[in-house]
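Q: Residue-level listing of the chains:
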Amino acid sequence: MEVEAGGRMSVGEVAVLGVGMHPWGKWGRNFVEYGVHAAQAALADAGLRWTDVQLVSGADTIRNGYPGFVAGASIASALGFSGARVSSAYAACASGATAMDVARAQILAGIVDVALVVGADTTPKGFFAPVGGDRPDDPDWLRFRVLGATNPAYFALYARRRMDVFGATDADFAKVKVKNAQHGLHNPNARYRKEVTEEEVLGSPMVADPLRLLEICATSDGGAAVVLASMDYARRHGMTDPVRVAAISTVTPRFPNTVIEMPNFATDSAVATAVPPVAFRDSIAAAAYEQAGVGPDDVDVAEVYDLSSALELDWYENIGLCKEGEAERLLHDGDTTIGGRVPVNPSGGLSCFGEAIPAQAIAQVCELVWQLQGRAEGRQVEGARLGITANQGLFGHGSSVIVKR
Amino acid sequence: MTTRTRVPAVEGWFTLDDDDPALLGTRCTTCGTVFFPREERSCRNPECDGTELEEVRLSRRGTVWSYTNACYAPPPPYVAPDPFEPFTLAAVELADEQLVVLGQLVDGVGVEHLSVGTEVELVLDTLFEDDEKETLVWKWKPVGA
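Protein chains in written order, with my numbering: chain U, 1 to 405; chain L, 1001 to 1145.
Fair warning: there could be bad hints in the mix.
[Stated by the list, open to error] Residues from chain U that keep clear of chain L, each with C-beta distances beyond 12 Å, as calculated:
| no. | residue |
| --- | --- |
| 1 | G110 |
| 2 | W141 |
| 3 | R193 |
| 4 | I260 |
| 5 | E326 |
[Claimed, not checked] Pulled a few chain L residues facing chain U out of the computed Cβ check, cut under 8 Å:
| no. | residue |
| --- | --- |
| 6 | A1009 |
| 7 | G1032 |
| 8 | R1044 |
| 9 | V1056 |
| 10 | P1075 |
| 11 | P1076 |
| 12 | P1077 |
| 13 | L1089 |
| 14 | E1097 |
| 15 | L1099 |
| 16 | S1115 |
| 17 | V1116 |
Hints listed in this document are in silico derivations from the structure and should not be mistaken for laboratory results. Note that the structure is a prediction, hence the values are computed from the model and not measured. Glycine residues also receive a C-beta, built at the ideal position from the N, C-alpha and C atoms.
Please build the complete structure, drawing on both the sequences and the hints.
A: So this is what it looks like as structure tokens:
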């Protein structure tokens, strides 16, 4: 640790040697197949052999049985056990970032020099349902049983609140979808590569008012991987100016959290304790900025978790691109479109990918690395030097990663 | 004529009193924080060391924080009627407890009847039923509706 000017604690950086993905889609094949494909792509990108890897850090999937709970080992085994260290982590939508955090910590601690981070998923059709069996002490089971509250229901509560408090409109939300569909049009890893019009979005069936089918992210199969290494290892490997991971934030909420979160029935009560000055979703990015010693003004490009079209607007504010209530203006001014001031979701986002949970936070980082290396063909953000990811999942999980040149 | 048994969807989360239904939470006897669903082990306020929690009835009335509906049947374990009828959901803010709690709206209340700030009150209603058993749950109903 070193203390930078301004008194900020700065954590050491690690180098990104390579990134790779298996395209997103819906094939129903074994998740290990997607993970192996992504891992091999990332290793090839890094110019490394599988046997060079000293740690495999896997992000788990909970919908694929025992092999999914030990994803790191399942994928390492398929690549051929090589004696590498292994870790498997689950943190809902932040699983991929948590797996990266494990790899970074072991690299910075000097335990390993080079690590493979990988996540992959195979998802069922339709709404995400809780894991099977009768489990009346599991809030994720109970919210379906007692309320019929699906994931889109929670996204819709945020969207409606945004309309009532800030005056957002159906057309604003539809414009987010139109933008992301354009961004993802030429992304070879995106599942949906089709332009849509505002009329088509607004004409699609209502799922959870005010959100329509084309505004809610699908569930997808896919895989993503990154190869991380110490700065020394990167230099020895001939990389003088690698993309570096400057921050990984995986903070929990602070009590009392007064925003209703999946899969909860209620918020915390603020009756006896002051509400924290920074709300949970804001605190995820704030912790990353602090760790990297940068701020929102330094951001050139962002990948945020657009579980719904409306939620992307919330994220503009949560990662500090604008003040609360100003996200619609940013969107309308074209600031968040490729070519604008700070493009958001140049990959096409979840809107074009759908969600492959353990792979998604890693995929966000893959996109930023391609952007910072000038390799994002057909969707390049010119001159991008620093990017941030942000996401949030169930049970107090969220993550933000900052990468820079 | 047979009498069906009435069972709560979750044991201990609400009273079965039709005339004066209420959600049942717990309150930390040290710091006063209220918990719903009920916390039994110890206070979850990280600044409080309290370990004694007492049962408390939550306010029956609140105001809508936000709302939505389910246009398609949620997957199991939700027990959906066939054919499925869309239902409305609201997150309701309780002023005294300073918390927001979810619940379905009673039949006939659509999103078009709600806005942020609408005053609602808690009622007991059917979640699902068969010939032997009626499973009850709390629902919200606009005040005066």
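Q: Checking each numbered hint in turn, tell me which of them this model violates, lowest number first.
A: 2, 4, 9
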